[in-house]
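Residue strings, one per chain:
Number of protein chains: 2
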Amino acid sequence: MCEANAYLRQSGKDELLLEMVDKVLPHEDGLVLEDIFGRRKIIKAKIAELALVDHKIILEKEDN
Amino acid sequence: MCEANAYLRQSGKDELLLEMVDKVLPHEDGLVLEDIFGRRKIIKAKIAELALVDHKIILEKEDN
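As you go down the protein sequences, you meet chains A and B in turn. 1 is the number of the first residue of the first sequence in my numbering; add one for each residue after it. 1 is the number of the first residue of the second sequence in my numbering; add one for each residue after it.
Simulated from the structure, these hints should not be mistaken for laboratory data. Just so you know, nobody snuck in bad clues.
Which copy is meant is left open, because identical chains are indistinguishable; a pair holds if it fits in one copy or across any two.
Heads up, simulated DSS-like pairs for lysine-lysine below, C-alpha to C-alpha not over 30 Å straight-line:
hint, residue 1, residue 2
1, 23, 56
2, 44, 23
3, 44, 13
Same shape as in the complex, but just chain A (with noise of 0.2 Å):
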């Protein structure tokens, strides 16, 4: 399986947010992430950046 962790990155650290995430979809004005067990969790934050092979998907909260 593929699935990475989503963290937030706030102040220069990154926090986990959602472990074995499948999907990550815009939701409103955020992302809605979902995990490899279809458990869901609505962020208002956009996506910064990804290391897949590292498993993982840095958010950030967005500027406005």
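Given the coordinates of chain A, assemble chain B onto it according to the supplied hints.
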């Protein structure tokens, strides 16, 4: 390896941009895609959607 293929979504169609993408990094007002061999492609787009179990990164042109 848990790389994915990057597609550009335009007019509802997904066009393959780069295969075996490892990293996606911010670059000025666009993105740098880097494949598992270190080959890079720069594109003025943003990440719209991820489907990692399907090995898909969907990009979209910026609105402005």
